[in-house]
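Chain H is already provided as a structure; the job is to place chain Z on it using the hints.
Line order of the protein sequences matches chains H and Z. FYI, the working numbering numbers position 225 of the first sequence as 225, with every residue one higher than the one before it. In the working numbering, each residue's number is its place in the second sequence (first place is 1) plus 1000.
Among these hints, one or two may not hold up.
Said to hold, decoys possible - The following label-pair restraints were derived from C-beta to C-beta distances:
(1) Z:Gly1018 to H:Arg221: 27 to 33 Å
(2) Z:Gly1018 to H:Ala259: 50 to 56 Å
(3) H:Val310 to Z:Ser1033: 50 to 56 Å
(4) Z:Gly1186 to H:Gly303: 42 to 48 Å
(5) Z:Gly1025 to H:Leu325: 56 to 62 Å
(6) H:Tyr25 to Z:Pro1102: 16 to 22 Å
(7) Z:Gly1121 to H:Leu304: 42 to 48 Å
(8) H:Tyr25 to Z:Ala1200: 45 to 51 Å
(9) H:Asn146 to Z:Asp1076: 51 to 57 Å
(10) Z:Ser1131 to H:Tyr25: 33 to 39 Å
(11) H:Ala259 to Z:Ala1232: 52 to 58 Å
(12) Z:Ser1131 to H:Phe40: 43 to 49 Å
(13) H:Ala98 to Z:Gly1121: 26 to 32 Å
(14) Z:Gly1025 to H:Arg209: 38 to 44 Å
Unchecked claim - Computed far set for chain Z versus chain H, every beta-carbon distance over 10 Å:
(15) His1213
(16) Arg1224
(17) Asp1230
Unchecked claim - Beyond 12 Å from chain Z on every Cβ pair, some chain H residues (computed):
(18) Pro41
(19) Ala45
(20) Leu105
(21) Met117
(22) Leu170
(23) Thr213
(24) Gln287
(25) Ser291
(26) Arg326
The set of hints was computed from the structure by calculation and includes no laboratory data. The beta carbon of each residue, even a glycine, is placed where N, CA and C say it ideally should be.
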Amino acid sequence: MESPKQTVSLPDTVAFARASRWRAYETVIWMVAVLALLVFPRQAALWNEIAILALFAISLDLVLGYAGILTLGHAAFFGTGCYAAALFAKHAMHDPLAGLAAGMLAAAVLGFVTSFMVLRGSELTRLMVTLGVASLLYELANRFENITGGADGLQGVVMGPVLGVFQFGLDAKVAYAYSLCVLFVLFLVARLVAHSPFGYSLKAIRDNRTRATAIGIDVNRNIVVVYTLGAALAGAAGALLAQTTAFASLDVLGFERSADVMLVLVLGGTGYLYGGVIGAVIFRVVQDALSAWTPQYWQFWLGLILVTIVLIGHERMMRRWRSLLRRVARKRPAAPDAKK
Amino acid sequence: MSVRADPRAGAPALAARGLVKSFGGIAATRDVSLTLAQGARHALIGPNGAGKTTLVNLLTGVLAPSAGTIELAGVDITGEPTHWRARKGLVRTFQINQLFAPFTPLETLALVVAQRAGIGGRMLRALGRHSAIVDDAAAVLTQFHLSDVMHLPVSQLPYGKRRLLEIAIAVAAHPRVLLLDEPVAGVPAGESAEILDTLAALPADVSVLLIEHDMDLVFRFAMRISVMVDGALLVEDSADAIARDPRVKAVYLGEASRA
Chain H
1 MESPKQTVSL
11 PDTVAFARAS
21 RWRAYETVIW
31 MVAVLALLVF
41 PRQAALWNEI
51 AILALFAISL
61 DLVLGYAGIL
71 TLGHAAFFGT
81 GCYAAALFAK
91 HAMHDPLAGL
101 AAGMLAAAVL
111 GFVTSFMVLR
121 GSELTRLMVT
131 LGVASLLYEL
141 ANRFENITGG
151 ADGLQGVVMG
161 PVLGVFQFGL
171 DAKVAYAYSL
181 CVLFVLFLVA
191 RLVAHSPFGY
201 SLKAIRDNRT
211 RATAIGIDVN
221 RNIVVVYTLG
231 AALAGAAGAL
241 LAQTTAFASL
251 DVLGFERSAD
261 VMLVLVLGGT
271 GYLYGGVIGA
281 VIFRVVQDAL
291 SAWTPQYWQF
301 WLGLILVTIV
311 LIGHERMMRR
321 WRSLLRRVAR
331 KRPAAPDAKK
Chain Z
1001 MSVRADPRAG
1011 APALAARGLV
1021 KSFGGIAATR
1031 DVSLTLAQGA
1041 RHALIGPNGA
1051 GKTTLVNLLT
1061 GVLAPSAGTI
1071 ELAGVDITGE
1081 PTHWRARKGL
1091 VRTFQINQLF
1101 APFTPLETLA
1111 LVVAQRAGIG
1121 GRMLRALGRH
1131 SAIVDDAAAV
1141 LTQFHLSDVM
1151 HLPVSQLPYG
1161 KRRLLEIAIA
1171 VAAHPRVLLL
1181 DEPVAGVPAG
1191 ESAEILDTLA
1201 ALPADVSVLL
1211 IEHDMDLVFR
1221 FAMRISVMVD
1231 GALLVEDSAD
1241 AIARDPRVKA
1251 VYLGEASRA
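Looking at chain H on its own, in the form it has when it is part of the complex (with noise of 0.2 Å):
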């Protein structure tokens, strides 16, 4: 066959290296962000936990979304970076970020340690495993109420100004600000990631275990990571509830709340960071509308949309929607990645 160690042209891949580029619908997602809170400053304690959801998403995705790993436990992250965050307020410094550094360091750690045990064993197991490590927090939380303040939920958390100089208010407007700057800096660092050759890497666990190993994948340093990491950014949003809200209390490590992320990313859509985003919006604004119209039984017409979704299939709307962005977007160069 033609020899091809000689100066063959390489075929053009420029649309591989721009595939990570920023796009436009990017910057309008974000400063749709910034909107919010100038068009509708009343709704900023909203907009932030909708902010605060986001992350925790981001976080999961990460997991689920690029790495494939299932989990019924993710709340045992936020809630240790809330607990953490809380009680870094309370006992050490009334910085935010010293604060949220805490937040993330401790969940960050759990991470590390739990991550052991979601390295081997069957989709079943680690549903199991995660579900008994978040249920386990929620039980210590309960019982050492003289640290966490139990089912009281631990009060008396002062927070200082963000900076030194951003004071939290009632309106909540310094919060969603904060939240919504730590959510895009979070985000970035996903998505750099996310493009990176480990996150590739991840994806390619996901896809095809097998096949991962036989390039020379080492699968469960490679877990081991990435859970940690995205136990880090859940501790990230825990920790910004905390400090939002000064206040902590049980349900943050509860199961609900594990079960609430997985909605959001269904939602959304798994795998692609957005999807966290979206999710996030969806999620509350329904949820925001649903309980306003009908209180008792607005959970009944959540899970109706949930499984319409589901059923639907997300892929095809997704499919649908995409190409419907090709069309507006024909005039510009078409890049050749049909999976964002």
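Positioned in the frame of chain H, the structure of chain Z alone reads:
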């Protein structure tokens, strides 16, 4: 660039000694010894159920042997995990394609090259922006006639292209020892020529073990041939001698010529 150890002088590329693998009471591999010289073109043949794929799984560490040792370039690797062996240059292809369905061929090979170069764990720059890696991957794509489909997800490729990619992954990993598990399985005769060309173009210092049913391909490719029957090695010899061996004819070639 590579994480491989230097081959011990004079050691065979791959040496298996006394490999045994039992599942429950059934022995799938019975005392198999196999030596691949540097640059070998060696074929492993045998009727269905002879234990060829089990042997590949033992060599690559997917299965742990019940007894026996495996050496790669003189270094005992019997207890080492699969990914470790792959990094040391023991690379395989699969009889049934094992690909990453949502990846494009370019992404697939870029990941393989990144792993080979030891940067598979890096997080701070996009894979597509490691231009040396991408160029390497693109060169392999060109070699395997895949550049026209390199931006399509693997799930949309026709079977023949997927089969080429399966082999290309192994080649992009720069193997020292390459285990080819039925490389042309399922490929129509007209398209198998492309795959055979790429196999013929492998660097001479790569040691190849070809597991194959297609006798034409085996005799065209291999200098030495091992014949397995019922989990045990029946005979190993030069290709010419195997072609004349009456025992081999009895257990294997007779069947194949009827088929």
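Range hint compliance [Cβ, Ala98 (chain H) to Gly1121 (chain Z), 26 to 32 Å]
holds (29 Å)
For Tyr25 (chain H) and Ala1200 (chain Z), compare the CB-CB distance with the range 45 to 51 Å and indicate the outcome.
Roughly 48 Å apart at Cβ, these two residues keep to the hinted range, so it holds.
Is Leu170 (chain H) truly not at the interface, in the sense that its beta carbon sits beyond 12 Å from all beta carbons of chain Z?
holds (40 Å)
Can you let me know if the beta-carbon spacing of Gly1025 (chain Z) and Arg209 (chain H) is within 38 to 44 Å?
violated (29 Å)
So does Tyr25 (chain H) sit 16 to 22 Å from Pro1102 (chain Z), Cβ to Cβ?
holds (20 Å)
Least C-beta distance between Gln287 (chain H) and chain Z, which was stated to exceed 12 Å
holds (31 Å)
Checking a non-interface call: every C-beta of chain Z should be farther than 12 Å from the C-beta of Leu105 (chain H). Is that right?
holds (18 Å)
Asp1230 (chain Z): least C-beta distance to chain H exceeds 10 Å?
holds (26 Å)
Checking the smallest CB distance to chain Z, is Arg326 (chain H) really beyond 12 Å?
holds (15 Å)
Status of Thr213 (chain H), Cβ more than 12 Å from any chain Z Cβ
violated (5 Å)
Verdict for Ser1131 (chain Z), Tyr25 (chain H) (Cβ pair) under range 33 to 39 Å:
Distance hint for Ser1131 (chain Z), Tyr25 (chain H) is violated at roughly 26 Å.
For the hint 52 to 58 Å, verify it against the beta carbon of Ala259 (chain H) and that of Ala1232 (chain Z).
Between Ala259 (chain H) and Ala1232 (chain Z), where Cβ atoms are some 54 Å apart, the hint holds.
In summary, the structure is inconsistent with hints 10, 14, 23 from the numbered list given earlier, while agreeing with the others.
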